[in-house]
Each structure stands twice: as structure tokens, then as C-alpha cells.
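Visitor: Take a look at the letters that make up each chain.
Protein chains: 4
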Amino acid sequence: MKTASFDDRLPVFDRVESGVRSYSRSFPKLFNKAVGATIYDEKGNSYTDFLAGCSSLNYGHNDPDLKKALIEYISEDGIAQGLDMFTDAKEQFLSSFETYILKPRGLDYRLQFTGPTGANAVEAALKLARKVTGRTNVISFTNGFHGVTLGALAATGNAKHRAGAGTPMAGVTRAAFDGYYGPEINTADLLNQQLSDPSSGIDAPAAIIVETVQGEGGLNAASPEWLRQIEGIAQAHGALFIVDDIQAGCGRTGGFFSFEEMGLSPDIVTLAKSISGMGLPMALTLIKPEHDIWTPAEHNGTFRGNNHAFVTARAALEKFWADDGFAKEVADKAELLADRLGRIAQTHDLRLRGRGMMLGVDAGSGERAAEICAACFDNGLIIETSGSHDEVVKVLAPLTISDVQFRAGLGILETTFAEAFATRNSAAA
Amino acid sequence: MKTASFDDRLPVFDRVESGVRSYSRSFPKLFNKAVGATIYDEKGNSYTDFLAGCSSLNYGHNDPDLKKALIEYISEDGIAQGLDMFTDAKEQFLSSFETYILKPRGLDYRLQFTGPTGANAVEAALKLARKVTGRTNVISFTNGFHGVTLGALAATGNAKHRAGAGTPMAGVTRAAFDGYYGPEINTADLLNQQLSDPSSGIDAPAAIIVETVQGEGGLNAASPEWLRQIEGIAQAHGALFIVDDIQAGCGRTGGFFSFEEMGLSPDIVTLAKSISGMGLPMALTLIKPEHDIWTPAEHNGTFRGNNHAFVTARAALEKFWADDGFAKEVADKAELLADRLGRIAQTHDLRLRGRGMMLGVDAGSGERAAEICAACFDNGLIIETSGSHDEVVKVLAPLTISDVQFRAGLGILETTFAEAFATRNSAAA
Amino acid sequence: MKTASFDDRLPVFDRVESGVRSYSRSFPKLFNKAVGATIYDEKGNSYTDFLAGCSSLNYGHNDPDLKKALIEYISEDGIAQGLDMFTDAKEQFLSSFETYILKPRGLDYRLQFTGPTGANAVEAALKLARKVTGRTNVISFTNGFHGVTLGALAATGNAKHRAGAGTPMAGVTRAAFDGYYGPEINTADLLNQQLSDPSSGIDAPAAIIVETVQGEGGLNAASPEWLRQIEGIAQAHGALFIVDDIQAGCGRTGGFFSFEEMGLSPDIVTLAKSISGMGLPMALTLIKPEHDIWTPAEHNGTFRGNNHAFVTARAALEKFWADDGFAKEVADKAELLADRLGRIAQTHDLRLRGRGMMLGVDAGSGERAAEICAACFDNGLIIETSGSHDEVVKVLAPLTISDVQFRAGLGILETTFAEAFATRNSAAA
Amino acid sequence: MKTASFDDRLPVFDRVESGVRSYSRSFPKLFNKAVGATIYDEKGNSYTDFLAGCSSLNYGHNDPDLKKALIEYISEDGIAQGLDMFTDAKEQFLSSFETYILKPRGLDYRLQFTGPTGANAVEAALKLARKVTGRTNVISFTNGFHGVTLGALAATGNAKHRAGAGTPMAGVTRAAFDGYYGPEINTADLLNQQLSDPSSGIDAPAAIIVETVQGEGGLNAASPEWLRQIEGIAQAHGALFIVDDIQAGCGRTGGFFSFEEMGLSPDIVTLAKSISGMGLPMALTLIKPEHDIWTPAEHNGTFRGNNHAFVTARAALEKFWADDGFAKEVADKAELLADRLGRIAQTHDLRLRGRGMMLGVDAGSGERAAEICAACFDNGLIIETSGSHDEVVKVLAPLTISDVQFRAGLGILETTFAEAFATRNSAAA
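Protein chains in written order, with the working numbering: chain A, 196 to 624; chain B, 196 to 624; chain C, 196 to 624; chain D, 196 to 624.
Simulated from the structure, these hints should not be mistaken for laboratory data. Any given hint might turn out to be false.
Remember, identical chains collapse to one label, so a pair may be satisfied in a single copy or spanning two.
Unchecked claim - Below are the DSS-like pairs computed for lysine-lysine, each with C-alpha atoms no more than 27 angstroms apart in a straight line:
#	residue 1	residue 2
1	Lys228	Lys263
2	Lys355	Lys483
3	Lys483	Lys238
4	Lys514	Lys355
5	Lys238	Lys355
6	Lys263	Lys483
7	Lys262	Lys355
8	Lys523	Lys238
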């Protein structure tokens, strides 16, 4: 097909695509190319990407080594779709995951290749926890996000997404996340009291599922102490402890897992987003061997054998996780990020949210946050919001972004905040 | 990583992969390459593929034109993961879908790019139907398969998959598929009676979801008359009519949709499996414009913007569906298939099942069917079973398979059936 | 309080009672007295009662022996409310139930005194069946009525009642009652096929619950053969077989249980309505000893010790069930009823419905049936409708009604039918 | 039937009654008579009743005026069972309820006569709230008890009762009752935060249902301030405010309703237990007129017309609630009770629980509480426990108990506590 101008090409989206699309409303350009932390539109304009595919592009767009590995694989007629058959690409991914991720961390997990979406990995985790324990109740947390298929959606907090179900959802009890009721109240104690009370009305749980940093719920970061307490509560009450590491994992918060060096040992971990390294659909449910009681194909899915993703995933593990160099780089960038966002927050008397390279500023309201993101986009920066009221301006830059580009992007952000608050300040003056 | 021998490499699967894997149990080889209808293992042995990624590889493995388009796209740093932003690749896919699929068939649908799994497309369809109608009940059919995430699983019939839920599922009422109770009973009449009776206990449905040919449930093919009656029942009772065309669509039964030339006009159609053309994860929910009432992002999913798949999907539409040449070829192959399987069925007094290039032979029992598939694999043919008791040997060859290879594969099948039944015959003699 | 005239007294109902009341709309008189089959309004008008408290007054109003026993009991300060403590009245009821009901029929049941409503007895039955089997699904039938509390309502077919739930209900799968699809189709075979098919989508049931005659659902009487087949299906599939005998039991269809002499042995039987004999609230769940696995108070309810009802219940058992005299009388009356209703049905080419003293005529439409009942009331006969569309005029006379009064009532009915159909006939002429 | 000795008569319970019975295990005597606050066993032993039918006998056993009214009614062939037809007895009850209860308190409610159990009144309340709001979620509280039919059980906290369901229950979200997390935490604030947060995962509620004093959950009494805040939260979030006054109402806590003089105006109130005055089964759902949107018979139940109960209920209203004399007497008795239990609590360093004539002492453990109750019974006092661990010894004496008998009973209790704690004290010394 020939290339028409954007004005000619835009209407097809309105004509043929469902109104459910969302990001294209904030960033109404036709994009056609992307490298590293930069996306280009068809007119050649470039944008710095502080969204990074919602953290599915932690290593940036089209990393040259991943790209090379994939092109080679395709060129040699490597298997694209392998269901759950043994393939070369899968074997190499498994081996590298064992070598670079599991062994060095002393972890013992079985990998379930679920349908290649995070929601599917969560569905598998919850199903398995119910099967293992013979219980149906699952504890999830305020502001948690775990996906929008019915089983995962039941565990998700967001009212708009929940309304999409069109039917009441069951099987999940909501507990308050760390700090939800303010610093005075230890919400883990509240949960423990309820689970310890045979008359509380909270049914004995199959699992407690938690994000260490709530990516969609407002970049709320749980403390290691609180997470350890939650894990202990799960154990004490016979429930599996599940960490949904889909957004916070794969280096986003520093280590490969977001819970490293916290002394945690989750029964199940879900991974997706950046696991393939190049943004290709892939999801994993990591299961402690003693819980891996699935019968063959009990949970299945046609695309669980997306071998292209296995190829790039392996390449990513080899490139970024064979030693601790990358983790250190990420730590440095996270420090820079904390400094710069901290300055913004301090200047405008706002709260910082999040952890590692998953940090944001609570702009005080969804309106102001949206306004700031829109102004950023006008200045060539793609950035989005998070939180109950979309009030947090969230930086999810590629972890591989160069310092120069990172500083430039943060500069745009700082200026935009300043301009946005100038009106208020002047009005208040 | 270095390449070890298979004996060295196999154990990683046992060590690190979940026991949920299934096809690798039937085909315990390490595969590393595939072209057209042929898969190769690492020792260079070739196998004819009558499984075709469970119909997700209708155009065969690594079709040269699709492969070329994809390599070019990646080489030029085309966007891999675009969330639901406007991208060049998506625009071209939408335009070609409009041009080659919708317009020629006089169809008007909005395309929702759901998370790239069939289950996710079904979840979106059911959620939307509930939202549109304000009702919660969904009618699905005996032996239906719609996926294993909780919302889709509720509509799925298979007990093993249902057991995986670990919790009771709600919101779905089961009706009998066409012919379920034998030729004497019109099951659509039964359903209509129940829905017309205010005291039947069947709540007014949001939707009736049906496969025209039940791919997993035993290759049961519904008649056009029955499908039209079901559509009429849906309309009469205020329910949306949903065709799950994930396995039967994309040419598998002849036309692009499995319900073409039947006079049907589904409110929602789900597509996945072969829509990307190359086996890459992609799924679509097609929605009549009047039902496209989603709010932005109400149903979302990180990988709904798998642009690699959009590229190959567009290439596939242009190559295979720009005119009716391919459909005619498929019709010819389907005729050959019907002849050859018909001969097998007649010889051994067995029943033929299915339609188009989705045809099988009911081997009488799951044990015999498994035995036949195993023997075929020993002879270089990959083929699988289907049905309540896995009793149907199911041919899902690539639609692009050459006549020579197709006949050879069918020859293996015929011989294997003959050998399998020889024992019985001799025993009976 | 002083007695005001009816015109003065009626408004309090509109002012203070909920609009949920129903029978008072059909019979808008103020009733103050009742003996046997006769009810009196405050003006002294008498009405023959063919409704009998919806079969909760099988022995008529204020039977002299029951009344005497109750007055004596109260006069002597017998315990009215005993929770589930051992009381004299309860002991005597249990002994007489054992002596007159269980022993002569060779039955071995444990009696659970549930909250004194039929719905509560059904709730207990379903809960226990789920507990015994560890399964959650329950099979109930089209047009079945089992009560309107949430657990029982899930098993009830009527759409109006179901709508009252205000929430979707789960845990029940609907099967077709005997004859539901006409005489050609054996609906038990359909159910058996579904339960035998691991891919039918019908989860293995905890119980099958059935009324032998559907009192609210249109007086559909199941055949003994069909019921035996259903019981066999329950056994074969590991489900408990529950007979809800709340409306059809206590002599209404001839024997004490509606299923006597059918060769059935239900695992659980529910009784309510006429069990107290005098219309006092009482309900029983009869449980085979091996299924009586309740922990103490696991299912409870304040009014499960309504000792007044135990007193009248015992008196009723002694008076009516110590020998087979009463059953024979009922059989004679049922014959008379069948003759007279048969004549009506034949004359107007209508269908007879029901069994024993639970018989009715399908008037062809709810409108006509309502019209006939209204005209009967004008002539001093209280009678109501039943069925999906309230199309069946249902005779539920006290079983103790005198022949003279019975014939007189039936005479009113016959005349009313004749008048109602006269218009139609003359119009058709 | 002749009267056998107790030794002869006891076995029938083991032989024929379900093991679900409970109170008879604590009080294994055969009772045959009761007057006021005294129950007699068949050997003529008398017991003071501090259980009072779990507060269903607030006016004592066989109050002479209620008994007289009932005997007269029965003697004159008053209607026993009237379904929901207009009867003299019902009219008089409605009028007296309007005159003595509603009007003096400035209340405007419609009375729904539900099936005569508290659970049924709760089921009706929840169904109606869902119907009125079009929402399904209901907020109930930790340690709440609302009955054991499936809809009510979902709102009940007790794990043993919940386990009886045999199936997961949905549609209820649990909030923490007043003081649940200790005096520092205002649990109403926690609930409000969750309901105000669109991402908390708590679906917008149809209703908030609360007991002002949790009768089964441990005599936890909510403060008026907390209750007003909860009512305000319900209003602010579009939910109905339901007070379940089944155990705390009918004078138990002083006024006719437990929430009088608190400035509350519940949308729905449930009553049962003592509403009939004599322990006869009766239940009411009081509905603000604007919410009375039931269609006729949408919620029904055969025994909703238990006219015997209407007769005694009217007599009780006239005798006890025509002026404020009774309420004052109850207040005096409550003061006495608080003094005496307070002394016990102080002596043994225990906590007092409850309010009005619904007061208890937390004995520290279920074992000790059971021991105390057993010892009381040996001394002629019937008393029971309450609470998550059955740790509260609960006084539910008839409100009409004479001072002499009340003091005597409390004396037994005091002595028993002293003896029970003597061991501990001596051991500690």
C-alpha cells in the first residue's frame, strides 16, 4: 500500500477502530519508527519516550542486539509459533533464565509460559493458588492493578475497569495497601487481625497477591517490612504469597525482581511486559516446584509459544543480566531521577511517589496532571499519569536511556511543572 | 550460548518448565526450524505439520512474503510495541482489513485490538455484550471452547479446563449445540422454548456465543440453518449474537470468516490464531458500530499493540485475500481432504467430523486416537486429537500446503488407521 | 382496639403495608374466621377455600382436634419457643413421626428443624448437599419453585421472583422437567447425556432437586419412571437426590410423601406447608443418616423450635396418618376431582394438569385464568392460578373438605368456566 | 401418646433428630413448661432463663395477656394462616404498630411481612436494596450476624456458619465494626476512604447493613456517633442504610428500636425474634415508602401470614408500648444489670460488653465462658455465650423478669465467675 499523508490516514482509525483506544487520544500522531528512548512520527518529529510501553520497553525500542538476534532467527526460519513444544529458542531462554536469573539469586521456580499477556499470567497464578489450597478467596489490595480479564479484574481495584466487566465479580477480598490509611496505621496488622478472627467474615484465603510498587494505582511503594509482614501473614494463614512483578520487575526498580534483597520468597511470581526485552508479547508465571500441580494443558493458550519473544528475551538476559553492571547503571539513573523529581516536588510542595526508575510526582489532581502531560507532549516528551484520580505524573523512561536524553526529558518535565504551577502561584499572589 | 546435544538440552525443560506443558509430551523432540508445512528438529529430521499451531499457522510457517515484510519492518526500526497508539503498521493493517475483508463482504465492524490472545478477545466480547444489554447471563454451547481465563472459561465446556479454575464459575448457561442430542432433536428449538418461557429459570441472556465448527470440542459443525435460527433467537430475545471465529476463521473453513454465505450478521466476532498470518500473538474483537460503547481503555492490555503482528497480518491479507484465488485453492484442498478422510472413515466404518480444512475422523475412542497420532509422529506426521474424549483425529494442515505434501501426509494417516484397525479386524475375524 | 367498619379498616393496609402483598389483591375482603374449608369475612360472608393456604392447610382451617391440642398446650404454659432444646412437644412430634411416618414406610431419616419456612428447608438441603459432596453445582428444573431466599431462589425458575434478587445468582444448572419438550423427548436422557459428557460444560452436581408435581410451575406432574431415572442419574453421577415435597407432600397427592410407591429413596426430603397441620410455620429437612454431617448449629435459626407447631403436627399425624383411612378418603376425593375437572377440560377442549388433590385446568392464558378466578370469588369460591403464565386454574382444596362442599365448589368452577368460554364459543359461532 | 420417663424419651432425639441441634447439648434436659423467666423440666426442676430464646422472648414465656389473647383467638376460630390476605388480626396488628410505634416516633415505614424468620427479613432487605439502587455490593461488618440462608449468610461473619454454605458467597464486602481495630482507629473513616476512592476496589454499595449491638458477634455496641457517621457515608455514596434490629430491637436495648434517640433514620429496618411477643415466628422488614418498589409477590413465602403471631404481637404492643412505663422499667433493670456485671468484670479484671439488657462479660476465652455457663446450668441458670471465640458470657434475660429473680440469677452468675476465677487466682498466688 502507498503511503498517504497523515490527514488522509487518520480517519481509518475513527472509521474502523473501536473507541476503546486510549493512548492515541493523548498522543494523536502517527508513529512509524522508534530507537532506544526515541519515537518518531511519520513527519519525522522525534519524541522522548517516558512511557516505554507502560514499562514493557525497559531496554528501549529496538535494542540493536535484540533486534539482531531476532532478525537472524527469522531469517533462518526459526519457529515463530511453537505452542508448548520443545524448541531451540525456548530451551535457550529457559537455560539463560536459569543461569542468569534463578541460580545467582538462589531461587527455585518452574516457569509456566501462559498466554502472552500479564493478565493471563495473573489468571494462571490465581487459578493455581486456588487449586493448591482448595480455597477460593484471594486477598488483593486497594489500588492494585492485575489485568482486565474476569479473574484478574476481580483483583483489580480501578472502578472504571471493574465497570467494564458488566457483571459483579467474586472471589476477591480487598485489603488496604501499605500506607493506605496514612503513616499511623499499619495495614498489615489490620489484615492479620481480620484473618485471625474466625468471625471477621473474611474467608480463609488461597492467596495474597501484591505489587511491590503499584504501577497503575499511583506508584505506591510498599516498604520491605510491610511486604515481609504480608508474606508472613500469608504463610501463617495457609495462603500462597504472590508477587505480581509485571510492571515493577525486569529491572524497573533496580534488580531483576522488584523484591530482591528484601528477604522475600514468593510462592508465585508473575512477569510480563519487559520480559521479552523488545516489547513482544510474553508472560511468565513462576511457581515454586511444590505448587506446580497443574495437569498437562489444564491452563493453556495458543500463543504461549511465542518464540520470537523467547529469542529476544534470551538476548536481553544475556546482555543485561549476565553481571551486575546494568543494575548499577539503573541505580545511578534512579538516583538522578529521584534528585530531579525531588526538586520538582519540593519546589511545588508536592509528593514524590514510587521507587527506582518507577517514580512520579503527585500533581495534586488529575486535571493538573493531564495538563502537564499534554504540555510535555507539545514539547516532545511522551509521559503519562497514574493513580486513583490519574493525579500522578509518572516517569517510566527506558532504563537504557542515555543520561543526556534523560536529563533533557526531565528538563522538559521540570519546566512544564513550573509553568503549570506559575498560574496558580500568581493567582494565589 | 553454545549448542549442546538434545540429550543435554532436554533436562532443562523438566528442571525449569512447569508440568502444565502438553504438546511436548506428544512430540518430544527439540524443534528448531520450520518452513511452510514442514517442521525440523535439531537433528535435521523433518515433519509434516497437520497441527499448524492449532490453526494459528493457516498460511504455514514462515511464509516468505510475511517473513520478508517483518524483517524489513524490524530492520527499519519499525515500532514493535505501540500500546494503542496510532502507528504506521496499525494504520496499514486497518486499511487493508477494511479494503480486503470488510468492504467486499459488505460488513461494518469496529476492530478492538485486545490483549493478543483468543481468550482475551472472548473476554472483551462477553464484557461488552453484558455492558450493552445490562444483562449478565451468556448462553454458550456444549463442547464449546473459548479460552481459559476466568470469563472465557465460564463459557468453555471442557471439565478438565473448568477444574483448573479452582472456583465455581457463574454467568453462563449451557445450551446444546447443533446435533448434540442426535438428528431427531432440533436443539435451537429447545433453547428457544426455554428463553420464551418466563418460568424456565434461564435468565434473559446478554449474548449467545457460538463456534460454527467446534475446534476443540470434536469438530462439530453447525448447519447454516441452525446458526440462522440461533441468530434469530438472539435477536428475538434481545441478546447479542457472537461468533467465536478464532479457530474456524481466517480461511480454515473456506472463506475469511467461517460464516460467510450463511446469511448471518453477528453482532460481535472474535478472531485470533491465524489473524497475524505468521503465528504471532494477535487478537481482534469485531464489534458492530452501534455496540461499540466502550469508554477509552475500559478494556485494555499492554500487548494490544503488537505491531510485528500487524505487519504480517497486513501482508497476509494482501497476499491471500485481495482476490478469491486463495479461497478457491482452499476449497480444492478441502475437497481432497474430504475424499481421503472419507475413504478412511468408510473403510473402518467411522464418522467424519468437521468442515472445510478443519476435518477429522472419529476414531471411536481417545485411546485409539492417541495411538494413531503417536504412530503418525513416528512416521513424520504431526497431528492431534479433539473432542470430549479426545476421540477425533483432527487434520489442521496449513492451507498453503502443497498437494504433494498434503497427499503424502494423508497417506501416512491412511496407513496408520489401517494398521491400527488391522488388529481389531483380525481379532474380530 | 375497637372494631371499625371495613371501609375504615382497609386503608391501614395501603398506609402501612408494603406493596409486595399479593393475594389480598385477588381477594380484597377482610377475613376474620375460618373453619374447615370455609373462610368468613368480617361481614359474615362465607367462602369455600380452594386455595388452602397454598396447600399449607391440607387438613382445613382450625381442625377441632388440632385446635383442642393447641389450646390445651398453651393453657398449661407449654413452651412456645424452645430454640433447639429438648422439649416435651418436640419429643412427642419426633416419636409420632417415627411411628406413623418413617417406620411404616421403612424409611430412615434424621429430621432437621430448620427455620420454619419452606425456603429455609431448601436452603439447608442445598447447603448440606454441597457440604457432603464438596461440589457446588445443583441441578434444578424448568418451572421449579423452591423459595425466594437467595440460595433457594437460584433454584427457582420464575423470572419475576428471580428479578427480585437484584443480583445474578450462581450455583444452579437448569434441566428440563418431565415432558417439558413434549412427549417425544425424554428429558432425563438429555440430562444424563450432559452429565456423562466431560465436555458438556455442566459441572458435576452436588444434588438434583425436584418436585414430583410442580405446584407453582403449572401443576406439571412427573411420571414415576422419569423420577426413577432422575434418581438413578443422581446416583450414577455422585449427586444427592433431593425431593422438595413442600407443596406436594403431607397427603396432597395421596400418600404422606408424594413419591410413595414409586420405588424412590431420596437422600434428602424437604417438608413445610402442611406439616404443622394447622398452618403454623414449620419446616423440616429429612436427611439420610449417612449425610447428616452438620456440625452443631452450622445451620441454625431462632424459630426452629416453634413448639406450637410441633403440638399440632403431632396431633395431625395421630389423627390422619395412624392408619390408611385418610389416604383412602383422599384418593376418593381425588377421583371425584379428576372426574369433575376432566369434564370441564373435555367440554372446553382444555388440558388437565397435576395429580391427586393437586389438580387444575389449563385455561389457555393467564388472562382467562385470572378472569375465571375472579368470577369464582364473586360466587364465594377462593381459587388461584399457577404456571409460567398463570394460565392454570388450580384446585388446592383442603383434603378434609366434605363431599357436599367440594361438589358445590366444583360446581361454581364448572359454571364459571362455562360462562367464560360461552363468549368465545358464541363469538366463534 | 403416653408419657415415658426421660431416660426412655431422650433416645428419640439421637435416633431421629439431626446432629445440627446445639442448645440441647448445653442444656440436656427435657423441658415441658415455661412461665415468665422460668423454664421447667419434666421432673419439675425450674431454671431461670437468661437466654430468653436468644432475645425472642423479651416479654418472658407465656405472658398471661398474650396467652389469653391467643387462646381467645384460637377458640373463636380466628384464622391461623392467612397468606398475605387481609385479616382482622393483621389489620389490628398494623393499626397498633402504627399507633404505638410509628406515630409516636415520627417514623414513616411500610411493613413487609416476610417469611417468619429473621434471615428472611434480611434477605428481603438486601434484595430490595439491590433492586432500588441497581447495585449488587453490600457492606456488612466484622462479627456481624444476619442469618444463614445464602443471601443473609454472605453478610454474616462467622466462619463456622459460612463454611456451612458449601459454596463461595458473593456480593458482600466486609468493613470493620466500631472499635474493631481498637479505640485509636475510627473504622468509619476507613470505610469512607475506601468508598471515596475510585480505585479502592470496593464496588459502590447498594446498602450498608449494621447491627447497633452485635448480638452473636460478641455484644459489640456501636456508638451513636459512629452509627451516624455510617449512615452519612451510606447517604453520601448512594447506598441504603439498613439497621438489622432483630436481636437488639423490641426493647432489648431500652427503646422499641435500638437506635432511638440517636438521630438515625434507617432506610430499612429488620425485626423478628421478639416482635410477636410470645416467641411465635414472625419477621418484618420496615421500608421507607419511597423504597417500597416491590412488585406484588416478588418476595413471598407461605408463612408470611402467621396470624397467631399477629395476635400476640398486637397484644404485646398494647401492653408494653402504649406508654413509656415499660421502657423505664427496662432502663432500671439495665442499670441493675450494668451494676452487677460491672462488679463481676471489675473483680476479675474483665471487660463488660454490650448495652441495655444485652450485656455480657468477656470471660477471656471460650473455654472459660463455656465452663461458667455449664456451672450456671448446674445451679439452675440458663445462660449462653457469644463472640468470635464464644468468649462472652451473655445475659439476655426477659425484660419482664422480676427484680428478685433477676438478682438471684445474677447472684448465681457472680458466684460462678468467682469460683471459675478462684483456681486461676490461687494458681497465680
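Visitor: Now tell me if each hint is right for this structure.
Guide: Hint check:
no. : hint             : in the structure
1   : Lys228 to Lys263 : both (16 angstroms within a copy, 18 angstroms between copies)
2   : Lys355 to Lys483 : between (34 angstroms within a copy, 22 angstroms between copies)
3   : Lys483 to Lys238 : neither (50 angstroms within a copy, 33 angstroms between copies)
4   : Lys514 to Lys355 : neither (39 angstroms within a copy, 40 angstroms between copies)
5   : Lys238 to Lys355 : neither (35 angstroms within a copy, 53 angstroms between copies)
6   : Lys263 to Lys483 : neither (34 angstroms within a copy, 41 angstroms between copies)
7   : Lys262 to Lys355 : neither (37 angstroms within a copy, 40 angstroms between copies)
8   : Lys523 to Lys238 : neither (37 angstroms within a copy, 41 angstroms between copies)
In the structure shown, a violation is registered for the earlier hints numbered 3, 4, 5, 6, 7 and 8, in ascending order.
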